[in-house]
Amino acid sequence: MDEDAPPPKTIMRHRLVTRVWHWINALAVLALIGSGLTISNAHKFLYWGQAGANPRDAWLHVPRWPSWATIPSYYSLSAARTWHLFFALVLAFGLLAYLIWSLANRHIQRDLRVRRAELKPAHLIADARAHLDLRFHDPENPAAYNSFQKLSYVAVLFVLLPLVIFSGLALSPGMDAAWPWLTDIFGGRQSARSVHFICMALLTLFIVVHLALVILAGPLNEVRSMITGKWKVPEA
Amino acid sequence: MITRRTLLVTGAAGLLTGCDSIGRSGAGKSILESGEDAHRFLQRSIMGRDTLAREFRADQMSPRFRVNGSATADTPEYAALSAGKFVDWRLKIDGLVRRPLAISLAQLQAMPQRAQITRHDCVEGWSAIGKWQGPHLSRILDLAQLKPEAKFIVFHCADRMGDGSAYYESIDLIDAYHPQTILAWAMNDAPLSTGHGAPLRLRVERQLGYKHAKFVMRIEAVASLAGIGGGKGGYWEDSNGYQWYAGI
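In order, the protein sequences belong to chains E and L.
Residues in the first sequence are numbered from 1 upward in steps of one, following my numbering.
Residues in the second sequence are numbered from 237 upward in steps of one, following my numbering.
Hints were generated in silico from the structure; no laboratory data involved.
Heads up, a few of these hints could be off.
Unchecked claim - Computed cross-link-like contacts, SDA-like style, restricted to lysine to any residue with a CA-CA straight-line distance of at most 25 Å:
(1) E:K230 <-> E:L213
(2) L:K367 <-> E:W48
(3) L:K265 <-> E:W21
(4) L:K367 <-> E:N54
(5) E:K150 <-> E:N54
(6) E:K9 <-> E:A217
(7) L:K367 <-> E:P121
(8) L:K265 <-> E:K150
(9) L:K367 <-> E:I227
(10) L:K387 <-> L:E272
(11) E:K44 <-> E:W68
(12) L:K265 <-> E:L89
(13) L:K265 <-> E:A92
(14) L:K265 <-> E:P66
As the list claims (entries may be wrong) - Partial chain E-side listing against chain L, Cβ under 10 Å, derived:
(15) A42
(16) S73
(17) S78
(18) R81
(19) H84
(20) F86
(21) L103
(22) A104
Unchecked claim - Output of the computed footprint for chain L on chain E, the stretches with three or more beta carbons under 8 Å from beta carbons of chain L:
(23) 49-57
(24) 169-175
(25) 181-193
From the three backbone atoms N, C-alpha and C, an ideal C-beta is built for every residue, glycine too.
Can you make the complete structure from the sequences, with help from the hints?
Here it is as structure tokens:
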């Protein structure tokens, strides 16, 4: 084996569009979560249906978020809305541009398509074992995403982010006039508000797991690959 | 040595204080605030001038409709009007109109009416469904004959806020002439209660609750919002930086 040419040590892992979008989106999502938590503090109760205003009708009493988690750090609903409404546009149009671009450059079809075989229980169990052993890459094809990675990226890109955007839009009285069907999809404005909150919680969970895995996989190499695109192939 | 933990903690603290100063300072603030104009532009692009806000059935009305904002207009003048069941109250319409008016409650009630069951969406996040009835604002503006230079309609209210200034709000002519924009004197088939803004409240159904001025005393047509109050078009806009366009 020693005589064979060693595999290239460093490969181009992420395309420019992916990298640019990743950081813009990361900024937008963090700004939206922080400002969203301030907005949540304005009325800490979630309801189902069209209407809901009284805490006794709430299905969830949301805790009051501490100032370290909120934008701004002091309570200002108006300032939080200013942040939220700006970064909502960054999130929505950023995602739209990224998805169109990633279809055009075949990133989605090539790197994110989940094959049927990957969903077989035996394969998923093997992938889970590999994660527990901190093996995240297929030595045969180290640049490929593993199945859990693909599934979580697909869930975020095609389910959670669109849902959080559309449920947010359904909260707007202007949009409810323009696109009443949007509010209907969610079963009413207060249901949309609940869905919006649940999506935020799931996205936060994704971010926590994502960051934990970046740290476990080698933070310098992983972060560098998302900045310069270059990624050192880990030794098997 | 700088540990990762110190870096993260100082980084996070720096981010937060950074956010506060960006949100407060000139350039950062105006960039963030451009979102409001973008949303207004986008919403107005996809909805027709007369696209109606959703209306509901009677059985969908909220059993309890929360009183929010000023629960009353705490002035001797208002107390006297209220004690007299608003018989002496007159809605003044002035500013850039050819025919300034002073209309009594009975006259408003005698005009053609529109009744609508709509959802009231508070900026805080809650919603309540109620029935509102009153004449179209557009009819009153037509009676007063708006001058062509009028661009905004300002609603001056009787309630005094924490800083002593009177509540006011404003809308542009698109919303002023919208078919659901009414001056409601009745709510849920009864005259407006004090808490909901007796004797008259604006309904501007495609925007959030704080635009729906209560205790309306005077309607003024203006060419610019610059000369009114703090110049941003409403009490909450002036005092706290709330968005003037509250369609989102």
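Checked hints:
A C-alpha spacing of about 18 Å is found between E:K230 and E:L213, which places the hinted pair at or below 25 Å, so the restraint holds. Our distance criterion of 25 Å between C-alpha atoms is met by L:K367 and E:W48, whose separation comes to about 21 Å. Our distance criterion of 25 Å between C-alpha atoms is met by L:K265 and E:W21, whose separation comes to about 23 Å. Restraint check: the Cα-Cα separation between L:K367 and E:N54 comes to about 18 Å, which is no more than 25 Å; the hinted pair holds.
For the given pair, E:K150 sits about 41 Å from E:N54 by alpha-carbon distance, which is inconsistent with the 25 Å threshold. The straight-line distance between the Cα atoms of E:K9 and E:A217 is roughly 16 Å, inside the 25 Å bound, and the hint therefore holds. With a CA separation close to 55 Å, the supplied pair L:K367 and E:P121 exceeds the 25 Å bound. Pair hint L:K265 plus E:K150 does not hold up; C-alpha atoms about 38 Å apart against a cutoff of 25 Å.
Straight-line distance between C-alpha atoms of L:K367 and E:I227 comes to about 55 Å, which puts the hinted pair past the 25 Å bound. At roughly 19 Å between alpha-carbon atoms, L:K387 and L:E272 fall within 25 Å of each other, so this suggested pair holds. Taking the CA atoms of E:K44 and E:W68, the gap is about 17 Å. The hint holds against a cut of 25 Å. Simply put, L:K265 and E:L89 have alpha-carbon atoms about 16 Å apart, close enough for the 25 Å limit, and the pair holds.
Using a Cα cut-off of 25 Å, the hinted pair L:K265 and E:A92 holds, with the two alpha carbons roughly 21 Å apart. Note on L:K265 and E:P66: the hinted pairing holds, with a Cα-Cα distance of about 23 Å set against a maximum of 25 Å. Interface hint at E:A42: satisfied, since its Cβ lies 4 Å from the closest Cβ of chain L, which is below the 10 Å cut-off. Hint status for E:S73: holds, given a least beta-carbon distance of 5 Å to chain L, under 10 Å.
Against a cut-off of 10 Å between C-beta atoms, the interface hint on E:S78 holds, since the closest Cβ of chain L lies about 4 Å away. For E:R81, the shortest C-beta to C-beta distance to chain L is roughly 6 Å, which falls under 10 Å, so the interface hint holds. Against a cut-off of 10 Å between C-beta atoms, the interface hint on E:H84 holds, since the closest Cβ of chain L lies about 8 Å away. Taking 10 Å as the C-beta cut-off, the interface hint given for E:F86 holds, the closest approach to chain L being about 3 Å.
Given hint, E:L103 at the interface with chain L, is violated; its Cβ is 23 Å from that chain's nearest Cβ, farther than 10 Å. The closest approach between the C-beta of E:A104 and any C-beta of chain L is roughly 24 Å, which is over the 10 Å cut-off, so the hint fails. Counting residues of the region 49-57 of chain E whose C-beta sits closer than 8 Å to any C-beta of chain L gives 5, which meets the bar of three, so the coverage hint holds. With a cut-off of 8 Å between beta carbons, the region 169-175 of chain E has 5 residues touching chain L; three or more are needed, and the interface restraint holds.
Only residues whose C-beta sits within less than 8 Å of a C-beta in chain L count toward coverage, and the region 181-193 of chain E has 4 of them, enough to reach three; the restraint holds.
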